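Which chain is which? The protein sequence lines are A and B, in order. In terms of our numbering, the first sequence has 30 at position 30, counting the first letter as 1, and numbering is strictly consecutive. In terms of our numbering, the second sequence has 205 at position 205, counting the first letter as 1, and numbering is strictly consecutive.
No lab work stands behind these hints: they were computed from the structure. Take the hints with a grain of salt, since some may be wrong.
[Said to hold, decoys possible] In the DSSO-like style, the derived pairs of lysine-lysine whose C-alpha atoms are separated by at most 30 Å in a straight line are:
(1) A:K134 x B:K158
(2) B:K207 x B:K163
(3) A:K160 x B:K218
(4) A:K102 x B:K130
(5) B:K123 x A:K160
(6) B:K218 x B:K207
(7) A:K134 x B:K130
(8) B:K208 x A:K134
(9) B:K40 x B:K158
(10) B:K175 x A:K134
(11) A:K126 x A:K102
(12) B:K40 x A:K102
(13) B:K130 x A:K143
(14) A:K143 x B:K123
(15) A:K134 x B:K123
(16) A:K169 x B:K123
Bear in mind the structure is a predicted one, so any value in this text is a computation, not a measurement.
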Amino acid sequence: MAKPKIATASLAGCFGCHMSLLDIDDRILKLVELVDFDKSPVDDIKKFTGRIAVGLIEGGCCNEENVHNLQYFRENCDILISLGECAIIGGIPAMRNNIPLKECLDEAYLNGPTVYNPSGKIPGDKELPLILDKVYPCSEVVKMDYHLPGCPPPADLIWKALVALLENKPMDLPYEVIKYD
Amino acid sequence: MSDAIKFTIDGVEIEAIPGQTIMEAADEAGIYIPRLCAHKDLLPFGSCRVCTVMVNDRPQAACTQPVSPGMSVESETEELRQIRTNLVEMLFVEGNHYCPFCEKSGNCELQALGYRLGMLAPKYPYMFNKHDVDASHPDIYIDHNRCILCARCVRSSKELDGKNVFQFVGRGIHKKVAFNSDTDLAATNVSVTDKAIENCPVGAILKKRTAYAVPIGKRTYDSQPIGSDIEARKAAAK
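Start from the sequences and build out the full structure, keeping to the hints where you can.
Okay, structure coming up:
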């Protein structure tokens, strides 16, 4: 029987959650015995090669491309998991949510004290994904099945969640693995 | 103690002094009942309802309900754990609680209750209400995004500091902490040494220039669940 597939994505995140996934250390050898890694920045596979058992999403949605990618994951994954605070609530990028978008862009590209921008324009190339008015948690865009909190989620939490899912057993959660920061 | 009152919490017999609340008697006996608005130095208030227990099968706030002889109190049941978790989750979605960049993280009682109750993420949708920050005072700032309306600052200022700096205004979802001034916090007689500042359970009232002094791993609730100090009394008594 073919091994179940895992896919991961980093949307509006910092890749810290992916670093935490690598922090499971030598257990990653056990993990590749249990699963195959499919579309993921870890192996640079760009397109899904089949049905995915578990999708791990780092980061919320700050632009159009994030939304499309997240919807693509939802269509192809049986179980979709918010990995970390940005996916769950928007996290650090959501600090801009109470400031109008135009003010954010003006500060970043025109008025900021360290800005050097002789064109005096805000980047608007059509190749750039359209930025959203706010940063949205993944659960406001598609249905998310589970949430693993933390900034980043502790490696032990990711490991316990994956093993519990793959072995179809309840998750054992010691006090130390639930953290929101 | 001839006038001691005997009652039970989760089947364990407890002795209490007449006039004590269920929470005070439980604390002395080393039984932790989760709470947010209750504070040992303040009068009972009963607003957060996180300390809800079943008293003879009726829900009561343990922080306000006095003990009476023979009462049967249930606290650690699956139903009450679920009610407490729901309350904590509602507080998380009503405010804007971003733990990764909050100075109080690791020392926050709301966060610590989430940890203790095993909350991974709130099941309710985030409301993303808009709230203000008042940084006018030279030593203190107030971030209403993180306020849980426990009234600890209101009560501490009145009961402990003798000042009355804080009070609630508005009702329902519009309720918020306001200051005893026509303009901002700087125009009040609040001081950084006030108990009202110290007793905030969350990151709503903070002292400036004190952030992130304790490294991750050594903060109050990093490895010890909230209530461990109370539960240690039981272990010490054995």
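For each hint, the structure was consulted:
1. A:K134 x B:K158: 40 Å, violated
2. B:K207 x B:K163: Holds. K207 (chain B) to K163 (chain B) sits at ~18 Å (cutoff 30 Å).
3. A:K160 x B:K218: Holds. K160 (chain A) to K218 (chain B) sits at ~24 Å (cutoff 30 Å).
4. A:K102 x B:K130: 18 Å, holds
5. B:K123 x A:K160: With a Cα-Cα distance of about 21 Å, the restraint between K123 (chain B) and K160 (chain A) holds, given a limit of 30 Å.
6. B:K218 x B:K207: Distance ~20 Å between K218 (chain B) and K207 (chain B) Cα, so the pair holds.
7. A:K134 x B:K130: 13 Å, holds
8. B:K208 x A:K134: 29 Å, holds
9. B:K40 x B:K158: It holds: about 15 Å lies between the C-alpha atoms, which stays within 30 Å.
10. B:K175 x A:K134: Holds, at about 25 Å.
11. A:K126 x A:K102: 18 Å, holds
12. B:K40 x A:K102: At roughly 48 Å apart (the allowed maximum being 30 Å), K102 (chain A) and K40 (chain B) break the hint.
13. B:K130 x A:K143: 25 Å, holds
14. A:K143 x B:K123: 12 Å, holds
15. A:K134 x B:K123: 21 Å, holds
16. A:K169 x B:K123: 21 Å, holds
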